[in-house]
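There are 2 protein chains.
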Amino acid sequence: MPYVHLTTNCFADFLGAGGLDRTYFELMLERTRAALEDLRAKRADASLPLLALPAARDDLDSVMAVAADFRDRFDHVVVLGTGGSSLGGRSISALADGGFGPRSGAPRLWFMDNVDPHSFDALLAGLELSRTGFLVISKSGTTAETLTQFLICTEAVRSAQGEAELSSRFTIITEPGDNALRRIAGRLGMAILDHDPGIGGRYSALSLVGLLPAAIAGLDPAAVRAGAAEVLDAALAADAPDKVEPAIGAAIAVGLLREQKIATTVLMPYVDRLADFGLWFRQLWAESLGKNGTGTTPIRALGTVDQHSQLQLYLDGPHDKMFTLIMLGCADAGARVPEDLAGDASLSYLAGRTMGDLMEAEQSATASTLVANHRPTRIFRLAALDERVMGGLMMHFMLETILAAHLLGVDPFDQPAVEHGKELTRHRLAGERETTS
Amino acid sequence: MPYVHLTTNCFADFLGAGGLDRTYFELMLERTRAALEDLRAKRADASLPLLALPAARDDLDSVMAVAADFRDRFDHVVVLGTGGSSLGGRSISALADGGFGPRSGAPRLWFMDNVDPHSFDALLAGLELSRTGFLVISKSGTTAETLTQFLICTEAVRSAQGEAELSSRFTIITEPGDNALRRIAGRLGMAILDHDPGIGGRYSALSLVGLLPAAIAGLDPAAVRAGAAEVLDAALAADAPDKVEPAIGAAIAVGLLREQKIATTVLMPYVDRLADFGLWFRQLWAESLGKNGTGTTPIRALGTVDQHSQLQLYLDGPHDKMFTLIMLGCADAGARVPEDLAGDASLSYLAGRTMGDLMEAEQSATASTLVANHRPTRIFRLAALDERVMGGLMMHFMLETILAAHLLGVDPFDQPAVEHGKELTRHRLAGERETTS
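Respectively, the protein sequence lines represent chains E and P. Going by the working numbering, 198 is the number at position 198 of the first sequence; the sequence numbering is gapless. Going by the working numbering, 36 is the number at position 36 of the second sequence; the sequence numbering is gapless.
Since the hints were made in silico from the structure, they are not lab data. Just to be clear, a hint being listed does not mean it is correct.
What the hints assert, rightly or not - Computed footprint of chain E on chain P; a stretch qualifies when at least three of its residues, placed anywhere within it, have a C-beta under 8 Å from a C-beta of chain E: (1) 174-187; (2) 323-335; (3) 410-417.
These numbers come from a predicted model, not from an experiment. Beta carbons are placed, not taken as given, at the ideal position from N, Cα and C, and that holds for glycine.
Make a model of the complete structure from these sequences and hints.
Have a look at this one:
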């Protein structure tokens, strides 16, 4: 990525014990060649829709139109959906609203991804429903949690505002064809947008699933796509895997797993606005690779906070983790520690420094300390954090995940193990019903 | 815990492959006997202050007085502090404010535990400073992040409200004796409360560090202590380790690590209000046990959300995790899916059910699925979620951590590895200063 400086300290020739043997790494890296070729072919013949998204612009007109309407009419927008239907939009939107309120003129977004009745009651009691819109996202249109949320919110609006209001308050994203969500929404006259059936939830952030919430938050969806396109184009244009950063990342992760039994991967941004991005990555990596008894376990951390929570374990616990730090240059940023208030001899190192100076020093100190403790560490150093960088990061990690799946011999796009639990949930609800009615 | 029903499915005789051999477990459990005896002795001679907290009440008068004053004067209370100075109060306070606004009459609490300049600027720009109080927590009084936050907030109040206002806006918690925070706060006339020097940050939730924010949020600190006392008393009164739930938990965790190489422990509450509790546990476990190359890695998950993110990995990835689910009975709770709106044949299992019914069914389906996939699983089933239960859960996990440390042969109360990074941060800040001034 042109706007990212990437440093890798994962090899035994530098790290010593615990690092990856460079010959083994090169073997792994060479094995990504076929997968890269496959991705090139799939982009050329449009058989993997995900790869067409970065260059697409024609669908953004409708995204912008719906977003403008939502921004115009609503002070609050509740996004109903879970997993991939929630985390992409949430990650991008965090660029505009990092937990301290929306951008001027934008509604506040509420990403409701759970079915905790206590939370839902609190949300609905606190919202001014007459100024609230709902965006309901379920690819299959059959997700039990999302349907339950949707039907309960529909009833709340109907009770408070009347049935005639329903059609203008809810916008649905679901795949084409027949499904329960589409049938109900259609009957109630709600607007329905198509979820691309060829793009799974955890790969949908660059589609309208992630970009519509981002546009409502006041962000530029085209810039997210442009950033993703830069990373995708660079990866597929390279003439060898050693020039493809996502391939290098995949070869390191799988190499460390195979050679060093490093089965945990920690993603640790030093930026509050990337905390949700960590959740998005965690789903992408876990659900794509965790199958057939293999995969590595992603952990979402946050600097500097987790220096005071997890760093002791990271530095001195078992040698079973690799670390990806995401740093954002912030020297001179933020407020300054006043010289007179910090006129304490023990605080001379802080007096006159900004909060960003401290963040800078902590980032680099932690990176140095991890490496000094022989922990495989790579660093994404961002020159800025905006829509373009976010799109680039997302594409980087989607490609890295797909290539790691290739090396592990698993399908990055399925999630077969979770179906049984969904069945069981339906049966239990239906069964309880029979005994109580 | 009398108000918790605990189910354990971690043994090979039930789980099959991947479970813990019961004989090995009993060996581990027997080894907790000496540690329990040690805890009894330390409670009797008051040499471990943590164990005296549950029964203490005399310090709560000042907690309640400060809380009443803060509640009276402020609409917002910013809690400055990181790690153990933040997570205990945040976990308990989440019972009153789960992200959807404070209890009626209570100020909104902002737990600021990072030094991201972007977040801090957003916070200070959004707060009405004339109605904002600050609680500053640092045991040592030398934490760089907390001092930086404190001095920047002090300057913000001084600029907006005048120097005379400073003494009434800030309350400090730090240990007795001389330190930078205490010196500066003393000079500015701020109220200073004593942090017990014998209680480390990650074990401080039951002290004023955790209970003052909770009281400001409108919760009952005495009830938190009472719940902790029930668990502590039951553990120390039992005549054998097999009647001590925290000892059983520690023996399972260490047994699974030693015998099955299960090095990851997932804490997965099915309650939004326990999401922050997961962060508290994650620090407690990681920082207490992750040393000398041993320890297991805690993961904070959340049901049902992570069923759509991590469950694929949990069920079908490597056999390297144990699971602790925390469930809260919620049948019939929350809003009901209206029969007419859900009049779709495929939704008959949902029609007329409540959101809580769905949550109930999902909890038990996931537990069954984990066990069916031979994943060691235990379940805390809570009869309610209030201050007493929170205090009990905290004491359970503190004891389990201390006993696990005993089995692993590490000191649960130190964190030696992180000191080097702190030194490095100070040097880098001081060094940069020299080159730029």
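Status of the hints after comparison with the structure:
1. With a cut-off of 8 Å between beta carbons, the region 174-187 of chain P has 3 residues touching chain E; three or more are needed, and the interface restraint holds.
2. Only residues whose C-beta sits within less than 8 Å of a C-beta in chain E count toward coverage, and the region 323-335 of chain P has 4 of them, enough to reach three; the restraint holds.
3. Residues of the region 410-417 of chain P with a Cβ under 8 Å from some Cβ of chain E number 3, which satisfies the need for three, so the listed coverage holds.
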